[in-house]
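> Read in order, the letters of the sequence shown correspond to residues 130 to 582 in my numbering.
None of these hints come from the bench; they were simulated from the model. Take the hints with a grain of salt, since some may be wrong.
To be verified - Taking lysine-lysine pairs in the DSS-like style, the calculated list, with each CA pair at most 30 Å apart, reads:
1) K484 to K155
2) K418 to K527
3) K433 to K530
4) K483 to K459
5) K483 to K161
6) K421 to K394
7) K161 to K484
8) K394 to K530
9) K571 to K418
10) K394 to K418
11) K484 to K151
12) K405 to K394
13) K459 to K151
14) K405 to K572
15) K571 to K530
16) K571 to K459
17) K572 to K418
18) K433 to K418
19) K572 to K483
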Amino acid sequence: MALVDIIMPQMGESIAEGTLSKWLKKVGDEVKRDEPLFEISTDKVDAEIPAPAAGVIAEILVQEGQTVEIQTVVARLETEKGAMTATAAANVAPAAAASAAAPVSSGGPPPKTESTAAKAPAPQPSVSAPAISSPGQNGSSFEERIRTRSSPLVRKMAAEHGVDITALRGTGIAGRVTSRDLMGFINAGIPAEARSGSMHAPAGPGAQAENVPLPEPWPGDRVEPMSRMRALISDHMVASRRTSAHVTSFMEMDLTRVARIRVRKRAEFEASTGQKLTYMPFIIASVVKGLKEFPILNSSVAGKNVIYRQPVNVGVAVALDWGLIVPVIKRAEDLSLSGITRALNDLAARARAKKLSPEEVLDGTFTITNPGVFGSLMGTPIISQPQVAILGVGVIEKRPKVIPGEDGEDTIAIRTCAYFSLSFDHRVIDGAVADQFLAFVKKTIEEYPESGV
Numbered sequence: 130m131a132l133v134d135i136i137m138p139q140m141g142e143s144i145a146e147g148t149l150s151k152w153l154k155k156v157g158d159e160v161k162r163d164e165p166l167f168e169i170s171t172d173k174v175d176a177e178i179p180a181p182a183a184g185v186i187a188e189i190l191v192q193e194g195q196t197v198e199i200q201t202v203v204a205r206l207e208t209e210k211g212a213m214t215a216t217a218a219a220n221v222a223p224a225a226a227a228s229a230a231a232p233v234s235s236g237g238p239p240p241k242t243e244s245t246a247a248k249a250p251a252p253q254p255s256v257s258a259p260a261i262s263s264p265g266q267n268g269s270s271f272e273e274r275i276r277t278r279s280s281p282l283v284r285k286m287a288a289e290h291g292v293d294i295t296a297l298r299g300t301g302i303a304g305r306v307t308s309r310d311l312m313g314f315i316n317a318g319i320p321a322e323a324r325s326g327s328m329h330a331p332a333g334p335g336a337q338a339e340n341v342p343l344p345e346p347w348p349g350d351r352v353e354p355m356s357r358m359r360a361l362i363s364d365h366m367v368a369s370r371r372t373s374a375h376v377t378s379f380m381e382m383d384l385t386r387v388a389r390i391r392v393r394k395r396a397e398f399e400a401s402t403g404q405k406l407t408y409m410p411f412i413i414a415s416v417v418k419g420l421k422e423f424p425i426l427n428s429s430v431a432g433k434n435v436i437y438r439q440p441v442n443v444g445v446a447v448a449l450d451w452g453l454i455v456p457v458i459k460r461a462e463d464l465s466l467s468g469i470t471r472a473l474n475d476l477a478a479r480a481r482a483k484k485l486s487p488e489e490v491l492d493g494t495f496t497i498t499n500p501g502v503f504g505s506l507m508g509t510p511i512i513s514q515p516q517v518a519i520l521g522v523g524v525i526e527k528r529p530k531v532i533p534g535e536d537g538e539d540t541i542a543i544r545t546c547a548y549f550s551l552s553f554d555h556r557v558i559d560g561a562v563a564d565q566f567l568a569f570v571k572k573t574i575e576e577y578p579e580s581g582v
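Work out the full structure, taking the sequences as your base and the hints as a guide.
The following block contains the structure:
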């Protein structure tokens, strides 16, 4: 008999936990390799997680709605076909439920669900160790290991502010120190020793500072808890604003040449590739060239060091009814326009169908968001940590522009234009460099070669 552990995958570089939102199989069900087993929800993605092997579901250890750390075993798969009898399956179910409830029975915090994550007015921190073991971590207590396994973003913020995470009490799962906990401590400006026994996070995800009262509902108001995905997005957006020195530059791009190329090449392109030719692949291709020319925009800040990323992994935000997902086009510098188009369309379609795999939302080095599809002229997007810049694409529309005529006189012409906005981290990117990058992207788009399609 062979049991295979099924774990909670990491769905983003700064994500340390995930919510198991729905089981697609039950104990005793037979599954095939790569068949969807369960759905998870984080601030980066809602996705179906496939089976790592063929077999029969032997145990379910994490129930729907529970939030657990990455690498937590959520279920076990019996890989010998037929080894699970109906009787054995019946005995496993209550054991799985008891195992899933074990952390609560030991006095630790209850598993977070959508309602508890959003409704709790001021969660009392707790660091009592859940009744679970964590092998391979000799020399430190469980609660110390939990705190030091806070997300990379929290550890980075703590290092930058000279804060020892182990001196804090957190409100996350099993006492984990969250970004809200850390910023509450930093903003309070008092010694860790004085705070470690009584640290409170602001009420609710991404909530106001502790000294700002929360609004109260009025008669007739409707109060709804944030979804798990929305709550986590809230946390990470607030943390990003506190981490990076945000500045935004704007530049108008003339896409008339690209529009004409699309008209001339669309039928041929779609016939040869089976893909629709939109503006976005042209934009991505131009941005990739700009990132190779200005590598500081394809970097990350690590304390007092700057990590210049070798690959150009472009994340493209995809708006969904239940939140926002940013799948990543890996090594975009190696792709042609048709390759970028295929990757973009494939990732966007599978994001909407919850078919993305964990690695497809990891390791982005630069992000593009496109609010223009909803008619927005421009915006000031928030940087996706640990990246240092994000490009916003405004609505692409025809506008009257003054341009030089053939006789040297100015003339008014109809041009296809859009405003691009670049939010960048002023800690490492100067305004001049950001504008030079935008100017390079502008020139690349406006002179895009027809042979490049």
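> Is the hinted pair K571 and K530 satisfied, with a Cα-Cα distance of at most 30 Å?
Holds, because 16 Å separates the two Cα atoms, which is no more than 30 Å.
> Is the hinted pair K484 and K155 satisfied, with a Cα-Cα distance of at most 30 Å?
Measuring from Cα to Cα gives roughly 20 Å; hence the hint holds.
> Holds or violated: K571 and K418, Cα atoms, limit 30 Å.
holds (11 Å)
> Take a quick look at whether K421 and K394 sit within 30 Å of each other, Cα to Cα.
Within the cut-off at roughly 27 Å; holds.
> CA of K161 to CA of K484, is that 30 Å or under?
Roughly 16 Å separates the two Cα atoms, so the pair holds.
> Can the restraint linking K405 and K394 be considered satisfied, given a maximum Cα separation of 30 Å?
Distance ~11 Å between K405 and K394 Cα, so the pair holds.
> Are K459 and K151 close enough, with their CA atoms no more than 30 Å apart?
Holds, at about 29 Å.
> When you check the alpha-carbon spacing of K433 and K418, does it fall within 30 Å?
Since the Cα atoms of K433 and K418 sit roughly 27 Å apart, the hinted pair holds (cutoff 30 Å).
> Starting from K405, check that the Cα of K572 is at most 30 Å away, please.
Roughly 24 Å separates the two Cα atoms, so the pair holds.
> Below or equal to 30 Å on CA atoms is what counts here, so check K483 against K161.
Holds, at about 19 Å.
> Is the straight-line distance between the alpha-carbon of K484 and that of K151 30 Å or less?
Holds: K484 and K151 sit about 14 Å apart, inside 30 Å.
> Would you check the hint for K394 and K418, treating anything up to 30 Å between C-alpha atoms as holding?
The given pair, whose Cα atoms are some 22 Å apart, holds under the 30 Å limit.
Going through the hint list in order, the structure does not satisfy hints 3, 19.
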